[in-house]
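Engineer: Residue numbers (the working numbering), protein chains in the order written: chain A, 16 to 454; chain B, 7 to 364; chain C, 4 to 322.
FYI, nobody ran anything at the bench for these hints, they're computed from the structure.
One or more of the hints may lead you astray.
Unchecked claim - In silico DSSO-like links for lysine-lysine, alpha-carbon gap of 27 angstroms or less: (1) Lys186/A <-> Lys152/A; (2) Lys438/A <-> Lys99/B; (3) Lys186/A <-> Lys51/C; (4) Lys51/C <-> Lys135/B; (5) Lys283/A <-> Lys135/A; (6) Lys311/A <-> Lys152/A; (7) Lys187/A <-> Lys99/B; (8) Lys13/C <-> Lys187/A; (9) Lys349/A <-> Lys187/A; (10) Lys438/A <-> Lys156/B; (11) Lys13/C <-> Lys240/A; (12) Lys312/A <-> Lys324/A; (13) Lys51/C <-> Lys156/B; (14) Lys187/A <-> Lys290/A; (15) Lys356/B <-> Lys240/A; (16) Lys186/A <-> Lys135/B; (17) Lys262/A <-> Lys283/A; (18) Lys373/A <-> Lys152/A; (19) Lys184/A <-> Lys283/A; (20) Lys135/A <-> Lys152/A; (21) Lys135/B <-> Lys211/A.
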Amino acid sequence: MRNLIKTTLLSAAIAAAPLALAGAAWAQDTLSLPNLSYRTGPFAATGIPLMNGQRDYMLMLNERDGGVNGVLLGYEECETGYNTEKGVECYEKTKATGIVTQPWSTGITLQVLPKSNVDKIPILAPGYGFSAMQDGKTFQWAYNPPASYWDGASMILQNISGGNLDSLKGKKIAFLHLDHPFGKEPIPLFQAMAEKHGFSFLPIPVGLSEMQNQSAQWLQIRREKPDFVVMWGWGAMNAGAITEAVKTKYPMNQFVGIWWSSLDGDLKLVGEEGKGYRSISWSFPNSQSPVMQDVKKYVVDAGKSMINKDAGEFEWVFYQRGILISAMLVEGIKAAQANFNTKVINAEQLRWGLENLKFDDASIKSLGLEGMIPPFSTSCANHTGHSGGWMLEWDGSKFVKASDLLQADRAAIDPLVTSEAAKYAAANAPWPVSTECKM
Amino acid sequence: MLYRIAGQYKTSYAADHALFPVRQDAYLLGFILVMAFVVFPMTASEFAFRALLIPVLIYSLAALGLNILTGYAGQLSLGTGAFMGVGAYACYKIVTIFPELNLVVAIALSGFFSAAVGVAFGLPSLRIKGFYLAIATLAAQFFLVWLFQKWSWLYNHSSSAAIQVPNIDMFGITVAGPTARAITQYYFVLCVVCAVTIFAINITRGRIGRIWKSVRDMDIAAELVGINLMKAKLTAFFVSSYIVGVAGALFVFLWRGAAEANLFEIPLSFRVLFIAIIGGLGSIMGNYLGAILIVALPVVLSTVPAALGVPIASATAEHLNIMIVGALIITFLILEPHGLAQLWATIREKFILWPFPH
Amino acid sequence: MNLLEGIFVKPFQDMFGAPDFLIQVLWEGLVSGTLYALIALGFVLIYKSSRIFNFAQGIMVVFAALTLVGLHERGLPAWVALPLTLVVMLILAVAIERVVLRPLVNQPDIILFMATIGITLFLIGFGEIVFGGENKAMITSQLGIPTGSLEFEPFGGFVSIEQRDLTTVVGAIVLVVALLVFLNRSKMGRAIRALGDDHQAALSVGISLSTIWVLVWFIAGIIALATGIAWGSRAGVSFALEVIAYKALPVLMLGGLESVTGAIVGGLMIGVAEKLFEIYWGQPLLGGNTETWFAYVVALMVLLFRPQGLFGEKIIERV
Numbered sequence: 016m017r018n019l020i021k022t023t024l025l026s027a028a029i030a031a032a033p034l035a036l037a038g039a040a041w042a043q044d045t046l047s048l049p050n051l052s053y054r055t056g057p058f059a060a061t062g063i064p065l066m067n068g069q070r071d072y073m074l075m076l077n078e079r080d081g082g083v084n085g086v087l088l089g090y091e092e093c094e095t096g097y098n099t100e101k102g103v104e105c106y107e108k109t110k111a112t113g114i115v116t117q118p119w120s121t122g123i124t125l126q127v128l129p130k131s132n133v134d135k136i137p138i139l140a141p142g143y144g145f146s147a148m149q150d151g152k153t154f155q156w157a158y159n160p161p162a163s164y165w166d167g168a169s170m171i172l173q174n175i176s177g178g179n180l181d182s183l184k185g186k187k188i189a190f191l192h193l194d195h196p197f198g199k200e201p202i203p204l205f206q207a208m209a210e211k212h213g214f215s216f217l218p219i220p221v222g223l224s225e226m227q228n229q230s231a232q233w234l235q236i237r238r239e240k241p242d243f244v245v246m247w248g249w250g251a252m253n254a255g256a257i258t259e260a261v262k263t264k265y266p267m268n269q270f271v272g273i274w275w276s277s278l279d280g281d282l283k284l285v286g287e288e289g290k291g292y293r294s295i296s297w298s299f300p301n302s303q304s305p306v307m308q309d310v311k312k313y314v315v316d317a318g319k320s321m322i323n324k325d326a327g328e329f330e331w332v333f334y335q336r337g338i339l340i341s342a343m344l345v346e347g348i349k350a351a352q353a354n355f356n357t358k359v360i361n362a363e364q365l366r367w368g369l370e371n372l373k374f375d376d377a378s379i380k381s382l383g384l385e386g387m388i389p390p391f392s393t394s395c396a397n398h399t400g401h402s403g404g405w406m407l408e409w410d411g412s413k414f415v416k417a418s419d420l421l422q423a424d425r426a427a428i429d430p431l432v433t434s435e436a437a438k439y440a441a442a443n444a445p446w447p448v449s450t451e452c453k454m
Numbered sequence: 007m008l009y010r011i012a013g014q015y016k017t018s019y020a021a022d023h024a025l026f027p028v029r030q031d032a033y034l035l036g037f038i039l040v041m042a043f044v045v046f047p048m049t050a051s052e053f054a055f056r057a058l059l060i061p062v063l064i065y066s067l068a069a070l071g072l073n074i075l076t077g078y079a080g081q082l083s084l085g086t087g088a089f090m091g092v093g094a095y096a097c098y099k100i101v102t103i104f105p106e107l108n109l110v111v112a113i114a115l116s117g118f119f120s121a122a123v124g125v126a127f128g129l130p131s132l133r134i135k136g137f138y139l140a141i142a143t144l145a146a147q148f149f150l151v152w153l154f155q156k157w158s159w160l161y162n163h164s165s166s167a168a169i170q171v172p173n174i175d176m177f178g179i180t181v182a183g184p185t186a187r188a189i190t191q192y193y194f195v196l197c198v199v200c201a202v203t204i205f206a207i208n209i210t211r212g213r214i215g216r217i218w219k220s221v222r223d224m225d226i227a228a229e230l231v232g233i234n235l236m237k238a239k240l241t242a243f244f245v246s247s248y249i250v251g252v253a254g255a256l257f258v259f260l261w262r263g264a265a266e267a268n269l270f271e272i273p274l275s276f277r278v279l280f281i282a283i284i285g286g287l288g289s290i291m292g293n294y295l296g297a298i299l300i301v302a303l304p305v306v307l308s309t310v311p312a313a314l315g316v317p318i319a320s321a322t323a324e325h326l327n328i329m330i331v332g333a334l335i336i337t338f339l340i341l342e343p344h345g346l347a348q349l350w351a352t353i354r355e356k357f358i359l360w361p362f363p364h
Numbered sequence: 004m005n006l007l008e009g010i011f012v013k014p015f016q017d018m019f020g021a022p023d024f025l026i027q028v029l030w031e032g033l034v035s036g037t038l039y040a041l042i043a044l045g046f047v048l049i050y051k052s053s054r055i056f057n058f059a060q061g062i063m064v065v066f067a068a069l070t071l072v073g074l075h076e077r078g079l080p081a082w083v084a085l086p087l088t089l090v091v092m093l094i095l096a097v098a099i100e101r102v103v104l105r106p107l108v109n110q111p112d113i114i115l116f117m118a119t120i121g122i123t124l125f126l127i128g129f130g131e132i133v134f135g136g137e138n139k140a141m142i143t144s145q146l147g148i149p150t151g152s153l154e155f156e157p158f159g160g161f162v163s164i165e166q167r168d169l170t171t172v173v174g175a176i177v178l179v180v181a182l183l184v185f186l187n188r189s190k191m192g193r194a195i196r197a198l199g200d201d202h203q204a205a206l207s208v209g210i211s212l213s214t215i216w217v218l219v220w221f222i223a224g225i226i227a228l229a230t231g232i233a234w235g236s237r238a239g240v241s242f243a244l245e246v247i248a249y250k251a252l253p254v255l256m257l258g259g260l261e262s263v264t265g266a267i268v269g270g271l272m273i274g275v276a277e278k279l280f281e282i283y284w285g286q287p288l289l290g291g292n293t294e295t296w297f298a299y300v301v302a303l304m305v306l307l308f309r310p311q312g313l314f315g316e317k318i319i320e321r322v
């Protein structure tokens, strides 16, 4: 029996694994584009609209154009529940056929990152992951366009200081963050900036089990009376923080979040009372843009989308950001197809494509994404591209643009990127550093 | 038929209590070992190694550690995840401070750290029993995970607050880190697991094991016959936490490659507890059976819809998966509360008597 | 020296320096304490009558709140959704008794405990399939719960008390009083207590085990619904709420597994103590987030001196 169970289970598993892949066997002209999604668990609220957006853009291209250059886009999800363990399992499961990894959590990114060099599969982590991934020579297989967390932190500081960081001197900035690799990511930059510009920086961690009950954190904020509260929140934490802020009567116009803290659904919980809350963002919803109209026509109205129409999810920042994320991936595919003159590209070719993303004004217009994303481009040395971003403001029912295009302070960030990348490479020696890239 | 015991006479007490009272048991074990050492490595795909074989072995080891405490010594613990974390972080510190050290030595040493922490948190067991003790071990669980997050020395002040396994060579072969091959890691884990299992079998069958069992069955009675309860309970915590710590070090170094503090949160503890209970408390073999059921089954289940060609969204599949695992746990508890090991024992009895019904 | 001052002097200076803030901290602690007490009460009721350590109480809170919101989302008005949710909780209680508990009668405690974790997993999967995983707003105003806040200005500062928190506290008091009256005065309630005292004696005088179990689980369901409404109106309803079950466990240790008084007093004590510690000691000295473990450590200390908790029944052991 002992061997019976073991052998049947294992042989079933071993038999099932290739079978599963065979069952989903892609026709010759389909690209397998896995997404390590999470529609379950405490972070599902923020995950779902993003995944819907990613999915719907690919479906739209398949419906409208029959894919890209005649190759269908095989969007497939592997559910992780934001759980690192499941994430790695998904990575192992999808790496045989997939030409890209979209890990969707800083924790999973950290696990997959060292493997990407060995398995030669590019990681696409738009707007998340490691900020140091910007250094393309060290992180040859990882991409975080169009802006990193450090970019976001720098842009937030610029905006709240009115463009002159020295005006923050003597002020106090509280940093309300998830106690998780994601939330800790910008701390080194904030600390460096605090030292340089003379403001005091107060990190306030929120534990995973405390996301929904942040009264202690907000009591601390009430006691410390910071001039600004910057939030690095995700999942259920955003809603918790915003409701507590309303309750504590913290002035909303001094409360600023990162781009993952701009979920319309969270703000709708407080509605009018959340008025004035701001969030930096590298994307902006534009439901009138040609792409969104096409998505509406081919996917949403055709009943193929999974979005929650009653909640108005179509208009949400997150849904349309998901569209943009897929657009970046598809542009990478197109660039690779053109360069290697082949339709069905492989993972290594896609890597080249992601390294040569060109989102200039003309291509943004021709893609039909006007006003949704600032221009940026990646290179072999710079995997982020630095689009900059806009400050969005909640007007009581939706997010509106509240600033011109902001740009991060490169002089402050780049040295930190170089040192962090070098540190990472040293800790993981022998770590291959690109010698081909001459930029 | 397969288990015919005719011709196997026992002429002494020792023979009757031998490890394999029936010769066929030894053959069976030999067969399983051949499968584990030769057949699986030759046939398994990389996915099978990383998602099935290696995790099953590591979880079995963690469950074995817990089983010594809960199944043999009768002290319910819900802090296994945190003790695994202690092993992992200790191993990380040892490896980064002494990079030349052999990984086997580092892992063996890291077990002592978790053993020490385990003993410290085991002290309340001298006064607290049952569910009160279980909740008390939760104190270890929450406090240690908090410490993993706050004490930045543990993760070498890395900005992401995560530990990352570097490439580690042993005798010229990379055994840990991103460039290690799955098959090497499998053999490494398999050897450690085998060694610890042999140790566990011996310790539980010997004097110490019997002391533990007497404490489990009724501690006051045990005390009356002259057993030092403090010593018995604390050795159980020590041995158990040592094995759990080794499992934790393997968990991060030979399987995951990186870890952040919340990896060791309470769901991990529950998972290990499930394995120990579904497998069978007070049984060594049960841990392996339990791990196969709890770790490998969901992985296999998640490939079923795709294999059958049923179009089902991955999120729904995951929800169904959670539901099925929950239902399975209840079903197994109802059908065989003493675990899979007991189930096997019943089946074996039947085999021995076959073809007679009783 | 600095450290000693940080531990023994500064916190008290802070407390008396800003009494309005202290009042706010105490109030926040009291509100979370009320909620911990409610969850602990659900645990205690079930443990008393059936010796089951019901880990699923946490997920029942989520499930009840989700059912309420989900039914409302499907177009039912709040006054229909609320009783309907109670019906769902009753069905759940019957199902748990039939499918899980009855076949497991007389098994060791740990097996029953594991079974409730199985129920937890099942309900997570089931709930997510039926209601989806996104964060939902609690239908606070539809249920007639006031949402504004009352403001006072004692000692020249300001204290703000949310009306819904006030409702929570008042609601919890009403619920607890009703429960105590039910347990002590009604026939059914006495039967529950009898079962808790001695199973076989209770059975021999004709108390039906299965009816009482369904009843107890149903009461735990009602408490779960009340808790779910209270927590949900603060931060929305989602599966992340499940973790609050862990906050109730140290309350049980402190108060004793069988004591209703213990659950209430323990809950309030822990709610207030952990908030005070976090604000005045945890955040300045330990980097914050001490609430995850503080309650456990306190409970552990208490247990070292009173192994049965503050209000638990004295454990008498015989060979």
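Engineer: All the hints need checking, so say for each whether the structure fits it.
Structural biologist: Consistency of the hints with the structure:
no.: 1; hint: Lys186/A <-> Lys152/A; verdict: 38 angstroms, violated
no.: 2; hint: Lys438/A <-> Lys99/B; verdict: 17 angstroms, holds
no.: 3; hint: Lys186/A <-> Lys51/C; verdict: 55 angstroms, violated
no.: 4; hint: Lys51/C <-> Lys135/B; verdict: 17 angstroms, holds
no.: 5; hint: Lys283/A <-> Lys135/A; verdict: 42 angstroms, violated
no.: 6; hint: Lys311/A <-> Lys152/A; verdict: 40 angstroms, violated
no.: 7; hint: Lys187/A <-> Lys99/B; verdict: 35 angstroms, violated
no.: 8; hint: Lys13/C <-> Lys187/A; verdict: 21 angstroms, holds
no.: 9; hint: Lys349/A <-> Lys187/A; verdict: 47 angstroms, violated
no.: 10; hint: Lys438/A <-> Lys156/B; verdict: 21 angstroms, holds
no.: 11; hint: Lys13/C <-> Lys240/A; verdict: 18 angstroms, holds
no.: 12; hint: Lys312/A <-> Lys324/A; verdict: 14 angstroms, holds
no.: 13; hint: Lys51/C <-> Lys156/B; verdict: 39 angstroms, violated
no.: 14; hint: Lys187/A <-> Lys290/A; verdict: 22 angstroms, holds
no.: 15; hint: Lys356/B <-> Lys240/A; verdict: 73 angstroms, violated
no.: 16; hint: Lys186/A <-> Lys135/B; verdict: 53 angstroms, violated
no.: 17; hint: Lys262/A <-> Lys283/A; verdict: 15 angstroms, holds
no.: 18; hint: Lys373/A <-> Lys152/A; verdict: 19 angstroms, holds
no.: 19; hint: Lys184/A <-> Lys283/A; verdict: 34 angstroms, violated
no.: 20; hint: Lys135/A <-> Lys152/A; verdict: 15 angstroms, holds
no.: 21; hint: Lys135/B <-> Lys211/A; verdict: 56 angstroms, violated
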